[in-house]
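Enquirer: Each chain, letter by letter, is given below.
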Amino acid sequence: MSDQVKILDGNTFVVSDDRGDIEASPTDPTGLFSFDTRFLSKWVLTVNGQRLNPLSVDDLQYFETRFFLVPGTGTVYIDAKLSVIRERAVGGGFHEELTVMNHDDKAVDLDVRLEAACDFADLFEVKDALKKKGAYSTRVEDGKLVLGYRRETYVRETWISASADCSVDNRGLTFSIHVEPHEQWTTDLDVAIGHGVRGTSAGRPKYGRQSKRARPNMEVSLETWLDEAPQLDCDWDALKRTYQRSLVDLAALRFSPVALPGHYLPAAGLPWFMTMFGRDSIFTSLQALPFAPDLARTTLVALGLWQGARSDDFRDEDPGRILHELRFGEMTAFEERPHSPYYGSVDATPLYVVLLDEYERWTGDTKLVRTLEGVARAALAWIDDYADLQGNGYIAYKRRNETSGLENQCWKDSWDSISYRDGRIPGFPRATCELQGYAYDAKMRGARLARAVWRDPAFADRLEKEAAALKRRFNRDFWVDDGRYYALALDADGSQVDALASNIGHLLWSGIVDKSKANAVASHLMSPAMYSGWGVRTLAEGQGRYNPIGYHVGTVWPFDCSFIAWGLRQYGFKDEAARIAAGILDAAQCFEGRLPEAFGGYARELTKYPVQYPTACSPQAWSTGTPLLLLRTMLGLEPSGEHLIVDPVLPQGIGHLELLDIPGRWGKMDAFGRGRVDVSTKPPPSTPPHCGDVAGVDVHVPMVPSRPCPLWYHSGVNSA
Amino acid sequence: MAARIQGLLEAIAARSDERPLPTTISGVVRLDVEDAGRTEHWYLTIAKGTVSVARKGGEPDCVLRGDAATFSGVLSGEANMMAAILRGAFEFEGRVLLLVTLQRLSPGEDKGADVPAAGYARRQS
Chain C
1 MSDQVKILDG NTFVVSDDRG DIEASPTDPT GLFSFDTRFL SKWVLTVNGQ RLNPLSVDDL
61 QYFETRFFLV PGTGTVYIDA KLSVIRERAV GGGFHEELTV MNHDDKAVDL DVRLEAACDF
121 ADLFEVKDAL KKKGAYSTRV EDGKLVLGYR RETYVRETWI SASADCSVDN RGLTFSIHVE
181 PHEQWTTDLD VAIGHGVRGT SAGRPKYGRQ SKRARPNMEV SLETWLDEAP QLDCDWDALK
241 RTYQRSLVDL AALRFSPVAL PGHYLPAAGL PWFMTMFGRD SIFTSLQALP FAPDLARTTL
301 VALGLWQGAR SDDFRDEDPG RILHELRFGE MTAFEERPHS PYYGSVDATP LYVVLLDEYE
361 RWTGDTKLVR TLEGVARAAL AWIDDYADLQ GNGYIAYKRR NETSGLENQC WKDSWDSISY
421 RDGRIPGFPR ATCELQGYAY DAKMRGARLA RAVWRDPAFA DRLEKEAAAL KRRFNRDFWV
481 DDGRYYALAL DADGSQVDAL ASNIGHLLWS GIVDKSKANA VASHLMSPAM YSGWGVRTLA
541 EGQGRYNPIG YHVGTVWPFD CSFIAWGLRQ YGFKDEAARI AAGILDAAQC FEGRLPEAFG
601 GYARELTKYP VQYPTACSPQ AWSTGTPLLL LRTMLGLEPS GEHLIVDPVL PQGIGHLELL
661 DIPGRWGKMD AFGRGRVDVS TKPPPSTPPH CGDVAGVDVH VPMVPSRPCP LWYHSGVNSA
Chain V
1 MAARIQGLLE AIAARSDERP LPTTISGVVR LDVEDAGRTE HWYLTIAKGT VSVARKGGEP
61 DCVLRGDAAT FSGVLSGEAN MMAAILRGAF EFEGRVLLLV TLQRLSPGED KGADVPAAGY
121 ARRQS
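Protein chains in written order, with my numbering: chain C, 1 to 720; chain V, 1 to 125.
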């Protein structure tokens, strides 16, 4: 298949080949998608019956692109006397300006045709190649081609129209055109999407006008977005580029929940995960807090709004639980999939309280904390009342929806991510260690909010007592004596699942690690078994299931490393945090500033450049947020009362670094630092060539071609 | 059917005391319930985290229109509100946020906790 081109606006996006054509098959997720439904599965341009050949693609913005084409396919003959430009912008459907240019000194008569069709597949159906239960229709109405699908009251339609004269049939549009020498012909094409209600047609959805409003708005908001973010300057140009890339990608990942128009939260990934995910939206908001605090605000409000309210096995919902994922497709509509929303995540709920507290510490927005008091209290109650599935006082998970629920409800959600040292896989319920850290942190932070904002010192005392007891028990029950680290999990019997994994780094971030044990944990994280030179492996070398290209069993996840570095920093391991930051930012440079979701766990000396793990989603939100959190960590930015503390500990190669206009309860503050930490047991980050000379050659080689697209992985529906 | 709808809505209003909403949510939802050729109106007023029900009201911020059986299904918790909207079972216009609130207050079993958690108690200010 040709290279894919993706453009998007919110949860509407187009994935086509590099000619701009769409020819979806059950296994090929191309098309125009909106609200998790495919609205166009075929969109093929021909001139005189011939397909076109791509010369180049201009990615203008993340929401628009331009294809330069010539007749004649493959390597045969290119007729340079004719060229075709398709300029496409997405937004409530898409708009395409099609131009045919005649470079000859003779006039030409041509048949230009666009073939169109649609299967109206739900994203989940694309995966499982399920048969549709409704009926298709095609009609020509008012010179427009209307593709439709109806199942009971559910109606979805695609309206296709052109500005130039054409003949419309049930399979497409034909333009019989005459182009004078050195002249050109142009038409606008509108592909609009419609949601009918109660079994009736959507009635002519208006695409064109929406787009003309939407496009400039997106651009203006991108400029404002960049202007409002802190300004970074430093001696290391690559870091400046990475920072800029992160800000632009974060802008593209902004997603406005239907219930909160005009407000944005970070969606999980582009384009397949352009929806609200509890875990991803919270982690990314935490990373971006010193740079774009409004993301956290919208995340807190939206997730609070959708907080679980009842016990519902199909949705793995409990009162107080924070959602995992919200989807809008047909299978969700008919309750054949639980995503309306689905609650099968056990970390989002404690992390919600963590984010609320961190947000208040930075912004001083006590009003929001008061508004969300009931939500936060219900979330804290959920930890004790619903998450203790083993009856031992620890958060654990076991899905109640056995057919379409998620098996692994922690961030390492692949089937083999949780294992014993010898590679065996435990049963359910599973209480992974980082969940207990999040619970501890949620109680401590909840206590601070109860005292400072809710004026309920008795509740604060209770939470602190519970947190202290949890920390005591945790340090006893999870500590693997012979290895001097925390077990990855407790199994259904309460026995240790004793693999050594990166999860222990999150424990430092949460503060649940006894001071006396912190040294041992930090040593493990920086040991050759765990630290690859680029970052910390998800599973240590030497463990039964270790595989440097295993999704959660040996690859390095930049987001994971950013929280590990933050944790190291909080326990005083400032140099170690700087070293991890340097490794990840070096890697970012090799990916032109855009960190992938994960890359291979090979030792840095071995591959010289990080080997990207194949993934259909890029950019990924929490990878995009990683450089931001690393900057915060290296600069030692920490709110203290009304002030911002700056305590920089930077890798040498960075040289001078300044971050200006950091927003917060203090107004705007600047931070300055100079690199002093020698991270040069590995090459220092100031020497770009060690990856620069090979980047772009092999970096994107898929390592595991048979791996499922992470879309299904993440949505996790029967992923194992 | 009107009596059943009335009962379900009153239960939803009562439930807003035990399922705390973000306190900034406010607005009026008008339900247009079609039953045997007639349309009955109900007004749900959401203010400061609580809900009240009336048969008359002012300009709504959100209107939800559907047949009585569909309303009965979602208000009783047998069907999911969000799924019903996606399915096109309702017509709606206005602020979606208020419909999310309705979903949150629709009934359902609470079989996890033996005792209502202390965290649910609404602090009296």
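Hints were generated in silico from the structure; no laboratory data involved.
Wrong hints could be hidden among the right ones.
For the chain V half of the interface with chain C, some residues (derived, Cβ under 10 Å), not all of them [as the list claims (entries may be wrong)]:
no., residue
1, A54
2, G77
3, N80
4, F90
5, L99
6, V100
7, T101
These figures come from a predicted structure and were not determined experimentally.
Glycine included, every Cβ here is placed at the ideal spot set by N, Cα and C.
Enquirer: Now look at each hint and say whether the structure bears it out.
Expert: The hints, checked one at a time:
1. A54: For A54/V, the interface hint is violated, since the closest Cβ of chain C sits about 23 Å away, which is over 10 Å.
2. G77: holds (7 Å)
3. N80: holds (5 Å)
4. F90: holds (7 Å)
5. L99: holds (8 Å)
6. V100: holds (5 Å)
7. T101: holds (7 Å)
The structure fails hint 1 only (numbered hints given earlier).
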